[in-house]
Every structure is written in structure tokens, then in C-alpha cells.
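Dock the two chains into a complex; use the hints.
Listed in order, the protein sequences are those of chains S and R. Using my numbering, you'd call the opening residue of the first sequence number 1 and step up by one each time. Using my numbering, you'd call the opening residue of the second sequence number 1 and step up by one each time.
Hint data in this document are derived by calculation from the structure and do not stem from the laboratory.
Simulated pairs of lysine to any residue, SDA-like, Cα-Cα distance not exceeding 25 Å: (1) 97(R) x 36(R); (2) 331(R) x 9(S); (3) 385(R) x 29(S).
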Amino acid sequence: MGYLQNIREAVGTIFEGLSITASHLVRRPFTIQYPDRIDVRVQDTLPFRYRGLLDVDLEICTGCLACERACPIDCIVIEAEKDKQTKEMILKRFDIDLAKCMYCGLCSEPCPTGSIHHTPEFEGADYSLESLVRRYVKAPIVAYKPKKGPETDPEIAPILSRGLRYLDEFATPGDAKEP
Amino acid sequence: MQQFADRLLSDGLLAGLPTGLGYAIVIAVFAFILLNFIMLIAGVTSWLERRVWARIQSRVGPNRVGPQGAIQWLADGIKNILKEDIVPTAADRRLFKLAPYVAMTGFFGAFACLPFADGLIVADLNIGVLYITAVTALVVVGILMAGWSSNNKWALLGGIRSAAQIVSYEIPAGLSVMPIVLLTGTLSMQGIITAQGWAPWRWFLFANPFTFVAFFIFFTAALAEGNRTPFDLPEAESELVAGAFTEYSGIRSLLFFLVEWGNLYVIGALSTTLFLGGWQVPAVSSNAFVMGVLQVLTFFLKSYFLVFVAMWVRATLPRVRVDQLMALCWKYMTPIAFVNLIGTAVWMTIFPTGNRVVELAMTGLGLAIVGYFLARVRYHLRRAKPELYLSPAI
Chain S
1 MGYLQNIREA
11 VGTIFEGLSI
21 TASHLVRRPF
31 TIQYPDRIDV
41 RVQDTLPFRY
51 RGLLDVDLEI
61 CTGCLACERA
71 CPIDCIVIEA
81 EKDKQTKEMI
91 LKRFDIDLAK
101 CMYCGLCSEP
111 CPTGSIHHTP
121 EFEGADYSLE
131 SLVRRYVKAP
141 IVAYKPKKGP
151 ETDPEIAPIL
161 SRGLRYLDEF
171 ATPGDAKEP
Chain R
1 MQQFADRLLS
11 DGLLAGLPTG
21 LGYAIVIAVF
31 AFILLNFIML
41 IAGVTSWLER
51 RVWARIQSRV
61 GPNRVGPQGA
71 IQWLADGIKN
81 ILKEDIVPTA
91 ADRRLFKLAP
101 YVAMTGFFGA
111 FACLPFADGL
121 IVADLNIGVL
131 YITAVTALVV
141 VGILMAGWSS
151 NNKWALLGGI
161 RSAAQIVSYE
171 IPAGLSVMPI
181 VLLTGTLSMQ
191 GIITAQGWAP
201 WRWFLFANPF
211 TFVAFFIFFT
221 AALAEGNRTP
231 FDLPEAESEL
241 VAGAFTEYSG
251 IRSLLFFLVE
261 WGNLYVIGAL
271 STTLFLGGWQ
281 VPAVSSNAFV
291 MGVLQVLTFF
301 LKSYFLVFVA
311 MWVRATLPRV
321 RVDQLMALCW
331 KYMTPIAFVN
341 LIGTAVWMTI
351 FPTGNRVVEL
361 AMTGLGLAIV
371 GYFLARVRYH
381 LRRAKPELYL
391 SPAI
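Excised from the complex, chain R in its bound form (with noise of 0.2 Å):
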């Protein structure tokens, strides 16, 4: 984007102004085009999770508000602008009010590093994934803000288990990582999509049985890190109300749960990037416009078939103890990313450039676990009760 800004400043729409005010105002539009795509993307998240919830209870979902119930969310929003605003009495009021935006900004600097396509980034930092993992964290500070400013035991006890959860799984989240660091030699986003390839078996998901494992310990600890389920202790309706937020209403409210949905697409697409191939498509076209088209395309579908992972998962399993996540995390996750780290740095030292046998092999045993899955699937869709579904009056 710098190099964007500089010709816009050189000869383009901005010529002869200051840089410094041309890089702001640069900035500035970037800024607010990228935030009106996340809440965008927050708000329909909102609506496809509802449905694909529903369709997993046998139910519909929201579907009347517009075409297929898609502008829910937005009645949702403006329902929720136009209610009172209620700060209680004893409560911090500065932090109470600054909560959300902290964690939005939290959640919103995330967005900056990540790669739409191929020099369609905001900023390619050489930190980028690093940058990431610490940006997100602020999310954590809001939490915390929340919890503590509303007065309220319970919203307290929420926010620091809230506060422990994503600490604790900061960790094999990071360790889950750094096999891929070691692999590309780099942390920045591009430089990481660029050394894979379009084709599955170049995927970093299939380079060695070590990131395979990766794949989903990452995955699982960025769900934690998201606080959905299974691990929504901190925000379990039937506990705690809403954990660290139970005092917020109206459209305090609405931002915290907006960081969470847009929170599943940047988890998304951290693990597209870093394992699933990001961006990358096939040469079909020599058009710099029509490749930037698919790739943008490409990259998008995979991070929200990720989300939509996440929707299927919070949809599955039941919610975990607050001592069972923990053990999961201690004892389950950090050891099994300490191996996968040092498994794959005996791996490279004994394949410095890849394995293409075990590369295949490995997506050969990815297609077989997707092959058994979809026979299950057949086999529950068998096994289906036909008398459950035939209403005697309709």
C-alpha cells in the first residue's frame, strides 16, 4: 500500500499536497473502506451462523427480513442503536465506554496485515504473523476492561476466565506457528502464501505429518483464543448471563459480539494463509485484474469455510469445563505443539527441500479422511427415522 500511496502522491489524484497528509488521507480511506467490509462481513457471519445453526437443529432460522432473512443483521443493528443506553450507576464509566472500542481496535488491527491478494495487502509487515498474535491480544484488555468496570462479581469472574482462556491458549496457538515460520524462513503473511503453492499437495497443511497436526491444534486454540464453543465458558448464556458483558445493552453490546464473528474470519483467515495455501491459484490468465479477481475470490472462500467450521463446531459439541479447558490446554495442546516444533525441525534437517512423496501421501490421506467423512455422513443420512419428518396434518 505504501507503494500505492506514493504514486497516488506523485502524479495521481493527490499530487502536490504535503506527504504526510497525503499518506493520511490514504490511510483514512483505506481505513474506513476496510471497516465498513469487516462489519460487512461481522454482520452476515451473524446471519449465516444463525441459519447454519438452524439447519443443524432441524429448524429455519431468521428468514424473513429480505431475501432469505440476509439483512437480519441489520435490523438487528439498528433495533439495537435505538435503545437506551444504560451505564449502571457504581460502574467506571471511562472504561466502561471504552471497553468495546478496545477491543475493537483489538480486533480490527488484525485486519491490516492480512493478504487479500497478491499485493492487495494493507501493510506487508516482515512481522506480519507476529504483529497479528500481539494486535489480537488487546482484544484480552477489553475483555478484562469489561469484566472489571461493570461493577458486577460474576461479570468480573467472567472476564478473568475469559482472560485465562485466551492467555493459556496464546500458547500452543504460537507454538502451532512456528513450524510454519520454520519452513518459509519468514513471518510476513505474503512471504508465507508465496512459498506454497496452488495445488493441495503444496499446501504447508500437507508438507509433513508434524503440520498436519498443527493444522488443527492451531485451529482449536484460535477458537479458544475467539471464546466460541466449545470453549465459550465466559460467555455460556445459561451461567454466567453473559459473562464479562452482562451489563452492556444496546449497541455496546452488539460490538462486542461484532468482534467475535469478525474475530472467526481473521482466525480464518490466519489458517488459510498459513496452511491452507492463502491466495494462490493456478496461472489461467495473463489479465492482472482477472487473476487479482480469483485470488481474492479464493482466498475468501477458504477462510469462510473455515468460519463456517467454526459455526458447525460451536453447532456440535457440548460447552467444556472451565478445568477441562485448562488441562486440554496444559496438558493436551502445548506438549502436542512442542512436538509438532521439533518434529519439524528434524524433518526439514532431513528433507531440507520437502518430501514429494510424503507430500502426496499426505494429501492422499487427507481426501481419505474427507471420503470417510462424507461415508458417515451417508450413513446417519441412511439411518434417518423417515417417520420423524412426515407431519400428520401437513
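Bound-form chain S, shown alone (with noise of 0.2 Å):
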């Protein structure tokens, strides 16, 4: 009757559920725990095209300010001119205001060699708005001047040939110049 199977049914039931529960209790949790208990940096497992952080790697920089033409936010000031004597463009200041970037990825795509560029970075927080204004000239530098031929400087090349990569998969393909 009725009565009964109401009884079996609830002493089923809840047997059943909780062997269910009692299962999930000896399982792993799905739990990502970043970021201080994940096996791998999730900064490794991103794309290389991923659109993090802006760096600059200065060594190859041509002073050409594709850049600051580029940016629709106005947030890469370059301070560069062109020596009288040696005719030589020396970069006098390079600054990202890293709070006003917005990631489009457009500095990046007019960059002759590639040396402004995205990384996997994202953890960019900080407690002061002055420490995310990122100072790329320490002392005024010589830019880069792009060979005819293949790079010889063996401290330059792997630069410029992540550069040039960046630019091949980053920018439309015909776009990027070829030094």
C-alpha cells in the first residue's frame, strides 16, 4: 500500500543519494586554486599572440613613432630625434601609461621590427596609479638602424627574430617589413 512503499521509497532514495554525495566526497575539487596552488604559470599556457601587457624591447626599436601614431588612446609618449651630426635617432624617453591602454593591439601592428609588442602578462595590479606609467629609456639611447642584410649581432638577433615572429602572426600577413 501506500504507506509502506512511501517508506521504502524515502529509505531508497536517500540510501541512493547519499552513496552519490559520498562519491563526490573522495573525488578531486574542481577548484583552481590561483594562484598560488596551480601546477603551471597560467601565464605559460596562453597563446603567443595573446594580448597582455605592452613591452618594449628598446634594442630594436627604430624610433620610427608608428607607434604613437598608432595609439587611439594616446598612451605611448616617445621623446626621439635625430642626432645633427651622426644622423642617428636618439631615443630620449619612451613611456606606456599602462592604465590607459586598452589592448587593441594597434601600436603593435605598424612596428617595423616588432619590438612593441603584447605578452602573456595580465597581472599587472598595483597600488599606485604613478607605478603603472612604464619607463622604457633609462639614458638616452641610440634607436635601432635595420640592416640590408640578416642581423649579425649575435645578442640582437634572437631579439629581432622574435620581433619579426610576433609581427608575422600578429599583424596581417604582407604587412610586416622585412628588414
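This is the structure:
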């Protein structure tokens, strides 16, 4: 009759439910305990083209100011002037205000060598607004002059090849200028 | 404890003091120790409940404050003490402030009768079980006071619902204790434990089929008395904010929650005493201290296992509606409890000293149920879909 069946159903379903939750009790939880208890840094799992914080490889910057002109928010400030005697570009100031940057990537597309590029780094939070202005020029430095053939300087070659690879993958094919 | 106090007074530390003062000092010291122990257990239970609940829901739970988050409850307690003490303007101030302490008294008084080991009991009253049932009813008074004095309609409703629930479930709980009292002939807690043995087939749980059912009825009714899910309608967070305790903040609300978690331990301890053989261990050593430690450990582990089962049930079952709650109590549990009582009485007339065969058969049945349960758990583990446990990023 209904009474005994109710009792049987109650006991049966509670038993089954308890066994399901007991099976969950002994499984590994889903939780990813970011940031200190994960196996692999999340930055290392992001793709190469990921539009994280901006970085500038000053060794291959040509001082062409293409990124400054391309930025829609004017967060890049560059001071570069041509030295009268040696006819070289001198970079006096290269500031990127990360607080203003909107990570659109418009600055890294026109760069001839790929020196300004996005990194997979995304943890940029800090306690003061001033620390978000990244100043890349410590002392006035000569800008890079792209060579006709392949780059011979062993220190600059890997940086240049990485920059060009970034341009290759990131910018539309055909826009990257070969040195 | 009376003998301990007498010994201290006659030739121990307190020799020479007037008897009343000596007793008062011993009582105060024991009460202080016991209160600390209880608050520690209630706090650790709250942490353990959060961890167990979280693991059942495939998440982690608090694990940052201290090793594995073990002092999370201390941090919560300190935070609550530092909070502003809000008493609603139109509330009945004296009742409002008194209510948590009445509830705590009700719950704390039950610990005077809990047997931790052979001889380690604060007061071995010869009406032990009756005393515990009566004293825990003070919690109802506390909850009603909280609901009424808050000057809040929904708190009042929560308090009344809670009182109705607790009072209704006293009946199956009390009736399920009666078969045990019939079997032993005494209400004293130590008496009930000494009537059992250390082996599972000597426990009252497996003595006869009626006590087996009585255990589950008692445990469920005690859970309902403690306002635990699935019977926590009075404090259902999604429905009545916190029920009777809506207007409470800071340490006052924490006291109510400590009462709830500590009550879990009282329920576990009572069930262990009545059905699971209490502190009985096989006589492995002649050293009284070693035996005492083993007994305390056994009692504690058994009670805490039942506390864990209560937490597990809370994470598993949905809340029952108030009419389902009342139907369950009056239409199902009370008749079954009566059947148990009469069945045990009939059983005792047929087998006055118990039936060994039936005891062993019931133990076998219990083991078979546990085995079937583990088989179902293994079945569910096998069917767990592995792709849900692989995260693409990590």
C-alpha cells in the first residue's frame, strides 16, 4: 500500500543519494586555487599572440614613432630626435601608460621590427597609479638601424627574430616589413 | 565526580576548606574545562562541516587560515566579537539579550551527563537520559525568546515554526529511547553503556530488529530537533533570512550557531551511548590510564562519526516543507516508534536475555548494508565522467 511504499522509497532514495555524495567526497575537487596552488603558471599556457600587457624591446626600436601615431588613446609618449652630426635617432623617452592602454594591438601592427609587442602577462595590478607608467628609456639611447641583410649582432638577432615572428603572426600577412 | 571532589576535600589540594566552598570550586573548575572543550568542539565542527560540505560539492572549502584552514573558526569568532552590537529599537531588550544564553544553558546542561569514559562523567545521574531530554528542551525556550523579542514578524514565525518542529520531534526521539531503557531497566547513561559490550553484536543497535529501526528514528528525530537540514526550515537562509535569529548580529548570532554545532555533538554522543556501545573497548591493558584514554578515544570517534554523518546528510538532502515535516513526524515516525517500543517489549518476553543468533544475524545484516553502500559508491565513482575533471588551462 502507499504507506509502506512511501517508507521504502524514502529509505531507498536517501541511501542512493548518500552514496552519490560519498562518491563525490572522495574525488578531487574542481577548484583551481589560483594563484598560488596551481601546477603551471597561467601565463605559460596562453598563446603567443595573447594581448596582455605591453612590452618594448628597446634594442630593436627604430624610433619611427609609428606606434605613437597609431595609438587611439595616446598612451605612448616617445621623444626621439635625429642627431645632427651622426644622423642617428636618439631615443630620450619612451613611456607607456598601462592604465590607459586598451590592449587593442594597433601599436604593434605598424612596428617595423616588432619591438613593441603584447606579452602573455596579465597580472599588472598595483597599489599606485604612478607605477603603471612604464618608462623604458633610462638614459638616452641610439635607436636601432635595420640592416640590409640578416642581423649579425648575436645579442640582437634573437630579439629581432622574435619580434619579426610576432609581427608575422599578429599583424595581417604582407604588412610586416623585412629588414 | 562527587567522589573526586570528596577525595580532594579530605586529603587532597582542598583539604581544610568548608565543604560547600570546596564543592563550588570543583564545580567551577570542571564547568570551565567542559565549556572550553565544548566551544572548541563546536568551533572545529563548524570548520569541519565547511570542509566536508565543500568536498561533497567538488570544491575546496576554507583552507588558508592556518594549516588546512583549521583556525578559520577562530578568525570568524574574533571577527564577530569585534562587530557592532545591534539591538533593534523596538525589541524587548532584556529578552533579546538573554535568549542566546538560555539556549546555551539548555545545550550546555546536557554535557553534565555525557559519559566520556568509565568513571569520567561529570554527574552520573540515575535519570541521565531523561535529564538530557529535558534540558535540551531549554533550547526551544531560547529560540522562542529570540523570535519574540526581535519584534520582527518573520523572526516570530521562524521561532514558532522552530518550536513546533522541536516539540513534535521530541516524541519519536523519546519513544525511540524507550526500547533501550526497556532493555537495560535503567535511565542512567553509564548503566546503559555497561549493559552493552565492545563488540558490534553486543551493541544495542543490533540487539533486535526493533532497536535497529529505533536507531534511525532516533537519529532522524534528533537531527530535526537540532534544526539541521533537511529539517532546517526555521533557519532556511533563502526563505526567512535566518529565521528566529534574523535580528541578531555579532557574538549573539554566533552563540546560536555554536549551540547548533555543539548540539550535533550531543546528538552523536547520545546515539553512541544508547545504540553504539558508548566507550566500551576490549580489555587490552590492565593499566587504568591506558584503558581510560582508549575509552575516551572510542567514544569521541564514534560520536564524531555520527556528527560527520549529520554533515553528510545536510549536504545531500533537500529541505522538507513544513507540512511534509509534520506529516513525517506524526504519520510515520511516531507510529513506527510505538511499534518499536511494543516490539521490543514483546521481544523481551520471548527472549529475556537476548538472542545470540539474532544479534549475529543483525550484525551481518548491518555489514551487508555497509558493503552494498560501498558497492554503490564504487559504481558512482566508475561512472564519473573524466572530461569534467580535466581543465584545459591547467
